[in-house]
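Enquirer: Below, each chain spelled out in residue letters.
There are 2 protein chains.
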Amino acid sequence: MKKLINDPADVVAEALLGMAAAHPGRLRVDHDLKIVYRADGPSQGKVGLVSGGGSGHEPLHGGFVGPGMLDAACAGEMFTSPVPDQMMAATGAVDGGAGVLHIVKNYTGDVMNFEMAAELAAADAGVEVVSVVTDDDVAVQDSLFTAGRRGVGVTVLLEKIVGAAAEEGRSLQDCADLARKINQTGRSMGMALTSCTVPAAGKPTFDLADDEMEIGVGIHGEPGRERRALAPAAEIAQLLVEPVVADLGLDRGEDVIVLLNGMGGSPLIELYLMYHEVSRILDGAGIGVARSLVGNYITSLEMAGCSVTLLRADDDTVRLWDAPVNTPGLRWGI
Amino acid sequence: MKKLINDPADVVAEALLGMAAAHPGRLRVDHDLKIVYRADGPSQGKVGLVSGGGSGHEPLHGGFVGPGMLDAACAGEMFTSPVPDQMMAATGAVDGGAGVLHIVKNYTGDVMNFEMAAELAAADAGVEVVSVVTDDDVAVQDSLFTAGRRGVGVTVLLEKIVGAAAEEGRSLQDCADLARKINQTGRSMGMALTSCTVPAAGKPTFDLADDEMEIGVGIHGEPGRERRALAPAAEIAQLLVEPVVADLGLDRGEDVIVLLNGMGGSPLIELYLMYHEVSRILDGAGIGVARSLVGNYITSLEMAGCSVTLLRADDDTVRLWDAPVNTPGLRWGI
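Protein sequence lines correspond, in order, to chains W and R. Sequential numbering of the first sequence, starting at 1061, is according to the working numbering. Sequential numbering of the second sequence, starting at 1061, is according to the working numbering.
Source of the hints: derived by calculation from the structure; they are not laboratory data. Any given hint might turn out to be false.
Identical copies look the same in the list; a pair holds intra-copy or inter-copy alike.
Dumping the calculated EDC-like pairs for lysine to aspartate or glutamate here, alpha-carbon to alpha-carbon at most 16 Å [unchecked claim]:
#1 K1062 to D1270
#2 K1241 to D1374
#3 K1241 to E1272
#4 K1241 to D1375
#5 K1062 to E1228
#6 K1241 to D1376
#7 K1062 to E1295
#8 K1062 to D1271
#9 K1062 to E1272
#10 K1062 to E1175
#11 K1241 to E1137
#12 K1241 to D1090
#13 K1241 to E1286
#14 K1062 to E1302
#15 K1241 to D1267
#16 K1062 to E1137
#17 K1062 to E1227
Quick caveat, the model's predicted, so the values are computed rather than measured.
With the hints as constraints, model all of the structure from the sequences given.
Expert: If you want it as structure tokens, here you go:
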């Protein structure tokens, strides 16, 4: 295992020290509870947005904390759910009187722990909490860590769009409805060329032959739909885009927001090349691209590969997408 | 070789198609000449900034084209200098009457070709051109592709800071003076855990044993100072920061802008962990951090590793650093 780390047990804690040092005016980090907060929060009257999950998917979620996106993110150990104590503390801290929205990727541990935290926050501190679960991965129905579909790329788009909605003062119910709509109208599919290595494990999560790729891989290296022979980018793009378009039932003339996401270990030049293939397929199908985002946004450590997320676009989502955001991972207009 | 590509010969051209598709309102790409332009340029009366170099270092340079940074970037083939024709065309296209600054990383091919292009642009089109060469890498004196030090991370900081200076209307001479000052007061040192693979070569550029790392590596995988046993992040940070601090002659009480740059294949969580170590060393040496940037900015395809760049900070450079910028790779305030 070749990594820029000290003790594998300290990776998450030390990376959070680095985040705090790198963004002193923008983030505040509770190092005991491993929670990343907006330095300027909580905002009175604004719905608080809390997410979190296992570490190893950076910049998700801590890198999406800031004006226009999340108010707090709870960092679990590598590929491991945070615990209810973290979520409870974050929920209480960001409540500005308008309630708190939990954004939860559909993995058994995350769902269970966020549920428990929501109940405790309501009972103990009287905070109104609504949870929205993302489950946008079309690859498999159930998976290693899930009942139902896994939550992946749509989570990034949702955090941005609902973050903007909260910023403009929408109610908790409106934010939750919007979040559910985004999850229902967005779908993803990923693939891997190589595995990643969790530091504490010290060896690759899965084995993949030199001439193979995994189509439909999960962001923890969970098995996908099939293992098949390595193929050119044009063919890989087809294998990712077609099931997403089919599952969403996208028709000619519709518009989408596209996320071409890197899994962490693929160079940016390859991600742009893949985006060319994806945009060509969409163009051929008569589907318009309202907005796009190309880069590493929800990763699996150093895994090589990518995923495609398509979200049905309407005027409201595009306007909220364009609204100012100021986080380490996504920033414009501020 | 496992890559998200089609034919290795088409990688640069197809990635540029992807860049154009991903940033339609912001970039304009000349696909014949492989030049990335600001969609809104040239600006009358503003000094034009042109850079470029071999591809494989993305987002450098094409990803730094836009308001507040470069006006044009010439993309060479992978790890290969662009040709004078590209540079000449870009120079002519961005001239808004105030002259053009060439920002050239110190590699033999780039220096030679930019020199030729500057002469031709002056002779043929009457464009006033000044060239500034970056040579900030303290690792080695001469190298595989250089006479003198290599140009690396300072190039990113220079393009941002001088980009802002050009935007506020400074003259060609002032921009060139500022660029030279930045190069003289900034230094870098990099390291690799793994090699990268150039698509056309199909195999790793160099071999590195499972328990080894290369200290002082170049951004094309050129040999550095030494190959030594893999070490913890804290020790790696020492090996990078100390030679840079020594070479700059930084004293207690001075301030720097820090770039903790990923080589492309190291996950963001490791880069933040490394930044923690770097900031701890600087803190211990009494050196203040005025601004910092952590992420993949000047890469070597999928190489795992990182580099540290320190730039002496003064009020002018920090103010220009903070000025609005709107490029795919670096964006704030717009």
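Enquirer: Decide, hint by hint, whether the structure agrees.
Expert: Status of the hints after comparison with the structure:
no.: 1; hint: K1062 to D1270; verdict: between (19 Å within a copy, 7 Å between copies)
no.: 2; hint: K1241 to D1374; verdict: within (11 Å within a copy, 49 Å between copies)
no.: 3; hint: K1241 to E1272; verdict: neither (36 Å within a copy, 50 Å between copies)
no.: 4; hint: K1241 to D1375; verdict: within (14 Å within a copy, 47 Å between copies)
no.: 5; hint: K1062 to E1228; verdict: neither (45 Å within a copy, 45 Å between copies)
no.: 6; hint: K1241 to D1376; verdict: within (12 Å within a copy, 47 Å between copies)
no.: 7; hint: K1062 to E1295; verdict: between (31 Å within a copy, 14 Å between copies)
no.: 8; hint: K1062 to D1271; verdict: between (23 Å within a copy, 8 Å between copies)
no.: 9; hint: K1062 to E1272; verdict: between (22 Å within a copy, 9 Å between copies)
no.: 10; hint: K1062 to E1175; verdict: neither (37 Å within a copy, 41 Å between copies)
no.: 11; hint: K1241 to E1137; verdict: neither (30 Å within a copy, 44 Å between copies)
no.: 12; hint: K1241 to D1090; verdict: neither (32 Å within a copy, 39 Å between copies)
no.: 13; hint: K1241 to E1286; verdict: neither (30 Å within a copy, 55 Å between copies)
no.: 14; hint: K1062 to E1302; verdict: neither (36 Å within a copy, 22 Å between copies)
no.: 15; hint: K1241 to D1267; verdict: neither (37 Å within a copy, 50 Å between copies)
no.: 16; hint: K1062 to E1137; verdict: neither (19 Å within a copy, 29 Å between copies)
no.: 17; hint: K1062 to E1227; verdict: neither (42 Å within a copy, 42 Å between copies)
Against the hints set out earlier in the document, violations occur for numbers 3, 5, 10, 11, 12, 13, 14, 15, 16 and 17.
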